[in-house]
Amino acid sequence: MDRDGTLTIDWLEWRDHFLLNPLHNMEDVITYWKHSSMLDIGESLAVPDEFSKKEIRSGMWWKQLLAGGVAGAVSRTGTAPLDRLKVLMQVHGSQGLSILRGLRVMIEEGGVRSLWRGNGINVIKIAPESAIKFMAYEQIKKLIRGQHETLRVRERFIAGSLAGAIAQTAIYPMEVLKTRMALRRTGQYSGMSDCARQILRNEGVRAFFKGYIPNLLGIVPYAGIDLAVYETLKNTWLQRYRSSTSADPGVLVLLACGTVSSTCGQIASYPLALVRTRMQAQASVQGSPQLSMVALFRHIVAREGFLGLYRGIAPNFMKVIPAVSISYVVYENMKRLLGVTSR
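Mapping the sequence shown onto full-length UniProt numbering, position 11 (from 1) lands on 11, and the numbers just tick up by one.
Keep in mind the hints are simulated off the structure, nothing from the lab.
No experiment lies behind these values; they were computed from the predicted model shown.
Treat the hints with caution; some may be incorrect.
Taking lysine to aspartate or glutamate and the EDC-like style, the derived pairs with C-alpha atoms no more than 16 angstroms apart in a straight line are [unchecked claim]:
#1 141 - 155
#2 142 - 155
#3 63 - 332
Restraint ranges, calculated between C-beta atoms of paired labels, are given here [stated by the list, open to error]:
#4 191 - 232: 40 to 50 angstroms
#5 337 - 263: 24 to 34 angstroms
#6 77 - 185: 20 to 30 angstroms
Glycine included, C-beta positions come from ideal geometry on N, C-alpha and C.
Between the sequences and the hints, there should be enough to build the whole structure, so can you do that?
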């Protein structure tokens, strides 16, 4: 569709694509849109990618998941310095750590390679998280509506939230390892396994689930906003399409709405994400108080003000555009390599 390779689709490209391609079935159009928009920007999407029975029978579902996994791995690696900077600002933000100062501190402490600390575990956890989330979502759908009925919006929200909670529970120790590896000093750990051993020896098994509650609570606003905006955009586009076959489908408007919805989702859940990260890091930061979720919220607001709950959100927003761009290019090339059709 994007013939000039600009990573944007204007009205003429949109029109020519559907004039020259035999896509008369509206379901085909929505299916293409749905799978092409599931791009990994390094944050956990609570509602998994959904596949039709036809896609599952044809075996296309695992190719879609594989393409998405590879795209996510490349995207996360490309934006890892910003992700590590976000973690440092979340944990050490009260020390007046700016974006430029944070990057300078990381390079001075461990060299350029230190910008990618924590990225290995962040990439490794893509596969188990995606697989568990997909399998849990399919089973929960069957329990809610049986084999043959389509889920309503509210039911999709419930199923997606539960699937996200199950996946997060299963891989949560890896989230703790990711935070500790991102915060580690040069020579502190020899690798991921050494980090896990030291946490287990010094803090016990419970340390692998620090921040678990705010992490689960953060799923709800993310899932709700993601699902509500997806359904609203889909229905709006369908209404426009049915009213006039020559109407401009408003691609730029939809892209803008997607950006706004992603921003709203991050703003709504970010304080919980920050509290989760600080709880994960408490034992590794010298002088950090060992507080519960509610006590930590109060501590941050009292010492840093309300804006303290949003420390590190700037690099989080900065990585969205490069993450989406990298994901898009890799995802489309992986689909082509695996022989995944757009229909």
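Tell me the hint numbers this structure goes against, listed in increasing order. none
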